[in-house]
Each structure stands twice: as C-alpha cells, then as structure tokens.
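So the protein sequences, as listed, match chains A and B. Residue numbering for the first sequence follows the numbering used here, starting at 21 and increasing by one per position. Residue numbering for the second sequence follows the numbering used here, starting at 21 and increasing by one per position.
Heads up, some of the hints might be wrong.
Any copy, or any two copies together, can satisfy a pair, since identical chains are not distinguished.
Calculated lysine-lysine pairs in the DSSO-like style (CA-CA distance at most 27 angstroms, straight line) [unchecked claim]:
1. Lys238 to Lys319
2. Lys319 to Lys192
3. Lys238 to Lys100
4. Lys100 to Lys432
5. Lys192 to Lys36
6. Lys446 to Lys432
7. Lys437 to Lys36
8. Lys378 to Lys446
9. Lys318 to Lys238
10. Lys432 to Lys192
11. Lys366 to Lys432
12. Lys318 to Lys192
13. Lys432 to Lys104
14. Lys432 to Lys238
15. Lys207 to Lys238
16. Lys36 to Lys366
17. Lys192 to Lys437
18. Lys238 to Lys437
19. Lys366 to Lys378
20. Lys318 to Lys100
21. Lys319 to Lys36
22. Lys378 to Lys238
These aren't lab readings, by the way, just hints derived from the structure by calculation.
Number of protein chains: 2
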Amino acid sequence: MADGRFSPLPEPFMGKLSNGMDVLVVPDRRAPVAYHGVYYRVGAADEDAGKTGLAHFLEHLMFKGTEQFPEAQFSPRVAKLGGKDNAFTSADITAYYQRVPISVLEEVMAMEADRMTNLRLDEDDVVAERDVVLEERSTRIDNSPAAQFREELNAVFYRNHPYGRPLAGWRKEIEGLSREDALAFYKRFYHPSNAVLVVAGDISGQEVLAMAERTYGKILGDNPPPAHVRPQEPPIRATRILEMSDPRVGNPQFSTYFMAPSYVGEGGEDGPALDVLARRLGNDPSGLLYRHFVRDQKKALSIGAAYYGGARDHGVFIIYGIPAEGVSPEELHGQVMAFLSEFGAKTPSQDRVEVDKKALAGATLLALDSVGALAQSYARTVTLGGSVSQAAAWPQAIGAVTPEDLVRVANKYLDPKTSVTGFLTKEERP
Amino acid sequence: MADGRFSPLPEPFMGKLSNGMDVLVVPDRRAPVAYHGVYYRVGAADEDAGKTGLAHFLEHLMFKGTEQFPEAQFSPRVAKLGGKDNAFTSADITAYYQRVPISVLEEVMAMEADRMTNLRLDEDDVVAERDVVLEERSTRIDNSPAAQFREELNAVFYRNHPYGRPLAGWRKEIEGLSREDALAFYKRFYHPSNAVLVVAGDISGQEVLAMAERTYGKILGDNPPPAHVRPQEPPIRATRILEMSDPRVGNPQFSTYFMAPSYVGEGGEDGPALDVLARRLGNDPSGLLYRHFVRDQKKALSIGAAYYGGARDHGVFIIYGIPAEGVSPEELHGQVMAFLSEFGAKTPSQDRVEVDKKALAGATLLALDSVGALAQSYARTVTLGGSVSQAAAWPQAIGAVTPEDLVRVANKYLDPKTSVTGFLTKEERP
C-alpha cells in the first residue's frame, strides 16, 4: 500500500477576514498566473419554491455592472488586464473566478469585492438577460431529450429536497423572475461571511490575506451567514421508473439513480469506497460492467457507473447504459441489476481493487496538477462545509478502501427497491 | 333533457363584512340546528418547504385556547351549548365548524371570532400536540401501506407544485415544527379577509350578516388576503411508474393518476364531462370498467375511476384496480390502458350517457340534502376562489354533457404517456 498516489495532498493556507470571509490559498510557484475566485455558499437549492433558476440568473446579472464598472465592463476590464473570467452555479455553490497575471491580483480582488456589495441592475438589463438565460435553457435543455430526461429523473429522484429542482429553472418560473427577486437573493446571500476567497499562484497565504483585508475586508460583516435549512428527503419506500420517448433520441438508454451520501454529509465516510466502486464497475474497458456487457456479452454499446459525492446534502450513485441493437433498455437494465446483485454477494480480489484505487488516485492527482485545480477542489469542499484536512487526506482514504468495503457499500446503497430508473427511447412517429 | 335533476341549485346569500370577510348563508327552514363554519383560504399547499404538516398542526392547536377560553375549553363550551364541533385541513382549505342550536349561533360566532385573532399557545401544549399529530401520522399513514403508497404516488405525480407534499407532513418535518412556526402561519393566514363565514339554518342572510358584523366585524381588516402564489407544474414529458411492496399488503393493486383541471382552475369547463366520464367508467356495476374487467373477464376484483376536481390549482383523474387471483397488477393495468384507448376511439350511446348523468346528478342532489351540506359545498367553492353561480349551475352543466364530450376529455386527459402509475404488492419475506 506504500504508493505515492495515496499520500496526502498539500494542505492549503486557511485564514479568515475580520468580516467573516474565509480565505484559502494554494501557493504555486510554477507560473506568474494566479487563479482568483469567490465561492458563495449559495446555489439553486437555496432558491424559494416557485423561483427556480434564480441563483443562475443572478450569476448572469453579476456581470451587468456596479457604479465603478457600469455597463457590463467587468469582463472587458479583466481581459484588458490580461486575464480571463467566468462563473458557475451548482445546487450549492455560485462561484466567480478569473485567471490573471499575479501582478494585477489585488486590482481584480478590488473589482470582485466591489460587485459583492455594489451590484447595480437596470430593469432593461434584467429583462434582456432573462431572455439570455431562457435561450440558454432552450439550447441546452429543451432542445436536448437527454437533458430533459435528466431533469425529469432528478425531479422524481428527490421528492422533498430542492436538489430535485432543475438548476436552470423551470421555464415558466424563469419567465417570472424579476429585478426585485434577483436583488433580494443577492442581498440575502452575497456577504463576505457567506463566501470563500480562493487564490492559487506564486504568492503566500499571508500576502493574500493582507490584500484581501485591503479589498474584501472593507465590506462590513454585519450579516450572519444564512442558515442552510433545506427540506430533507423522507425515507424511500418505493421503486420509481420513468419512461420518456422523443423522436430526436438516437440510441435508447437507461439510467438508474441510487441515493448515496455526499462526502461532507452524513455517511460521508463511505465516499471513498463509493468512488472506488464506481471505478470498479466503471465505464472504461477495465470496468466490470464494460467487460461483461460490452466486450463479452455484446448486450450494450456503452455502460458505466458514476458516483457524485460533491454536494452538500446528498450524493448519488448512477448506473447507465445504452443497449446494443436488438436489446431493449428494459432488458439491459434487468440484467445489470442482476449483475449488481451477484457483485454484492462476492468479495472482489484484493489485486483488482488495488489496480482500481491506483488508477483512480492517479487520475485525480493528474487532474489536480494545474495552477488552480487543487485550489478549486479545496474551495468546493470548504464552500460545502467540509474540512480541508479531510480533503487533503482523500488519497489516503482511497488507499485504505478494502475489497470488503466495496461489497459493503454496494449492498448498502445499490438497492433496486429504492432506486429510480429512467428509460429514454426513440419515439416512432406514426 | 328536461329533468329536475339538471335544474340549478338555489343560490346562497352572499355578503361581505367591512373587514373583508366573506359571508355565505343558505337558509334552511327544516330544523332548529345551524351549521356554522369559518373556512380559511389556506392549506397544506401554502406551507413553506421544509414545514410540511404545519397547516394541519395549526388546526389542532386552534383548539388549545384563547384568553377567553383557555385550556382547551372551546369544544367543551360548544358541547355545553348543545353543539358539536370539528375541523378539517386540505391542501387549500382549513375549516372550523360547528352544528349548534340556532339560539346560540351568535355566541358560537363570537367564540370563533375570538380564536381567529386571540390564539394563545403554551410551549407545553405545542409539544404535547405535536406528539398527537405524530401519533395520528403513525396510525393513519405509517401503519398503512395503502396510505404510504398514496403519499409516494402523490409525491411523484407533482414535481413542482406543493400538492405533492403530504397533507399530514413528512415525519421529520413535523418533529421540527415549533410554537413560533405555528404562530407565524396563524398571523400570516388567519384574517377575516382570508376567510369565508358559512351558515346554514333557519335564519336569513341579513340576520347572519348583522350577527357577523357584531362578532367577526370587530376584527380589524388591516391585512390584505395573502396571495396564492404557488409553484406550478411544468409540462409533463415522461411516464412515471412506482413500485412498492410491503408484507402487510393484502390484495395487490394499481393506481394510475392523470393530470386534470380543477373546477375553479384553467380548463375547469371540462370538469362536468370528467365527472360524467368517471361515472361512465366508474366502479359500480353499471360502470364500463366493472362490467368488462370484473363481471365479464373476471380479471379484477375491483376496478374504478374517480375524478377530483375540487382543488384550487389542479385536479386529478384516477383509475385504480385490484386484480383477480392469478392476474398481476401490471397485466391488469396494461389491459385497462388498452381498454381506455379503445374507449377514446368510439363515441358512447346517448342513452347510456343520459343514464349516467341522471345517476350522478341525482346522487349529488341527495348528498346535498341535509342541513349544511349545500352550504359546505358552496363554502368550498368560494374558499377555492370559484364562483357561486357556476356551482349553482353544476346540475345544468352535467345535463349539457354530450357523449362526444366524454370522448374528447378521455382523449385529452387520459394519456398514458403523461401518467403516473403505482403498483402496490405484497412483499414476500424470505
């Protein structure tokens, strides 16, 4: 087990401003480029019912301007400084970030601090941007049966928790979002005490902390961070199946969702074993499902497993597959469930599991090896309420997973009786 | 078509107090007993996410006392006056009502007005009553697979609208309901302008109005009625199936839910045809489903159709069945869906539909023929935001339904592609 891939990751510098803002720094001497981001502890799961899409809509509006940078001059200014900027919204996180020459870091921090508290929204801008997000929804979801299918599966998977709502928002509700909705959400959630500053680059934690006090530190920390009180999922008592057909579908497919813990939530200690299990079953040629259903039996064109443990309240374990010609998605699904049941009855070999663990840890380390990638990963953990030490110890936790752990978590979580399965098929028009 | 059963119902007296409270009176000379109720325009669908069960919990707490009637003396006082009282909570309505000698009507009105605005809640009472509603939930739902099954079906049927939440509340959320939650809900929704007073008995509308001004009229009407802005259902794009098994189940069953309009909502003009359709397909020996599946084919022990159009935002059309020995619920369901598809392809005979219409109107008129029943029916309509004239014209609307209407609404609403079907089966313990 003495493998470098299972060594702990370097822990970041962690600090806190007097106004409550968290500061996370990953010094990286390799390039004169800095990654700078502000991660807010708010996402689509914090929207009020009936206001879906608001978190993502506000993310768009944050580029519209402040007194200091009116008329959408934020991004052009970053570009002029030799940088690039962007943002993303998830169910739990809304993040704004830039890659900039380290020489302009403090200026960009001042700009980001400015829009944390001085956002200006014209009614015209709001109306125009609403059309933009509606168009985004049309393109990415309404024009894609696969995206609609995921949206429907998700809505059925969560019966009570807001994770069941679409990140983009339901169309009717986006249409109703107003300037007042956006500003109220902004005022409620965009505070230093609800944000994590993350910087990676050729700079020390103390230097960043000083810069941050001079910029973000000017914002009063008079608002306590909003509580994340979200409706939770009641116990699951039924299997759910969803069938959707659309003339635009190419290959039919199935997806099965199982409720699983998130890394930072209750049961998160099973996260590493679930990650290894997904790899073991996984979709590349070394995965059990691939070998059995694609290579040997030729029942599937594609098949795989995925574990998403990076949310605040719940994780999900997904098995998906595209059947081969002449096989129905229902048939493939039935055989896969039977295969999983057999898997749960027999402990895999230690050697096989070690190979998977090394591949998983190796691939992850590779992905973290760029300026900002490790910092982003830590920033997500901290924003979700998780611990940096636990995140740094992730490779060790992967190294400690045993074949018995895989069987245990497979039996614990992959229960078809509490799963949701969707079948997406091509609709044959009469 | 000249049948007395299709004549309009007598319209009630309608008035309004100066504080905005609606007053609805159905004079009834037959007995010295009055039905008196206050219907609030609030129900489980108005609860905030994460606070399910609150509307029903508050209904219980409303019996706990005021300054004037402390220590749960409300019901004992009604009994002492020779009356009986009760209450109910639905997704849209919370109602408190009594049957009392007409001589004490004004006293009871004063009592009900008192608890509209002077509710007192001790922390001890709240904690004790929370145990009562939790116990109610255990008995009525958690101990009943059929009730759990309906709860799960409902949760899957509505993906966004709060009708998907259980009326009783999810257990975990009931456990978290506090005195402050109850009082905040009370203050938000319990106002004269958000209530309908309903009286039936040997008394005129003007007399009730005068009594009401002397009692309810004392309450200031400074709060505008709360808006009913609820998340709406997005377009349905997928068929959903739910499977639940439990060792306590006797006969297996299936239920299929189709989205339908409510009488007071968009598309409500199809309500009468849906009511007649439910009767035509219905579960008694004259219903098509019964004749085919129970009597002739002997595939089912019980089968039927029901239409619920009495909610504010959505109605539901339900087909349900219990298969005969040796028939699986899936098989019965498949055959019923095929039967419905055939039904939608052929117009039934005028004679047959006339018989159903007369039976439906006749049964309804019979049910309305008791002191208070017609008033309750009107009170529900008014509380949901519907029109009394439309409600009075219901028998005429039933009389006007044509065989072509039945085919039209069957094809419009009974689309298996947008349905939710649940299968409840006995779990065989290994």
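Copy assignment of Lys432 with Lys104, given that the CA separation must stay at most 27 angstroms
neither (44 angstroms within a copy, 52 angstroms between copies)
With identical chains, the pair Lys378 and Lys446 could be close in the same copy or across copies; at 27 angstroms between alpha carbons, which is it: within, between, both, or neither?
neither (39 angstroms within a copy, 45 angstroms between copies)
Is the C-alpha distance from Lys100 to Lys432 at most 27 angstroms within one copy, between copies, in both cases, or in neither?
neither (53 angstroms within a copy, 58 angstroms between copies)
Between copies, within a copy, both or neither: which fits Lys318 and Lys238 at Cα up to 27 angstroms?
neither (63 angstroms within a copy, 79 angstroms between copies)
Quick one: Lys192 to Lys437, C-alpha cut-off 27 angstroms, is that within a copy, between copies, both, or neither?
Intra 34 angstroms, inter 22 angstroms, cutoff 27 angstroms: inter-copy only.
For Lys238 vs Lys100, is the C-alpha pair at or below 27 angstroms within one copy, between two copies, both, or neither?
This pair counts as within: shortest intra-copy Cα distance 25 angstroms, inter-copy 68 angstroms.
At most 27 angstroms between CA atoms: does that hold for Lys378 and Lys238 within a copy, between copies, both, or neither?
neither (46 angstroms within a copy, 76 angstroms between copies)
Identical-chain pair category, Lys207 with Lys238, by Cα at 27 angstroms
This pair counts as within: shortest intra-copy Cα distance 17 angstroms, inter-copy 39 angstroms.
At 27 angstroms max between alpha carbons, let me know whether Lys446 reaches Lys432 within a copy, between copies, both or neither.
Result: close only across copies, 23 angstroms inter versus 34 angstroms intra.
Within, between, both or neither: Lys319, Lys36 at alpha-carbon 27 angstroms
neither (55 angstroms within a copy, 70 angstroms between copies)
Within, between, both or neither: how does the pair Lys432, Lys238 come out at a Cα-Cα threshold of 27 angstroms?
Intra 49 angstroms, inter 61 angstroms, cutoff 27 angstroms: neither.
Measure nothing new, just compare the shortest in-copy and cross-copy C-alpha distances for Lys36 and Lys366 to 27 angstroms and report within, between, both or neither.
neither (49 angstroms within a copy, 73 angstroms between copies)
The structure shown violates the earlier hints numbered 1, 2, 4, 5, 7, 8, 9, 12, 13, 14, 16, 18, 20, 21, 22.
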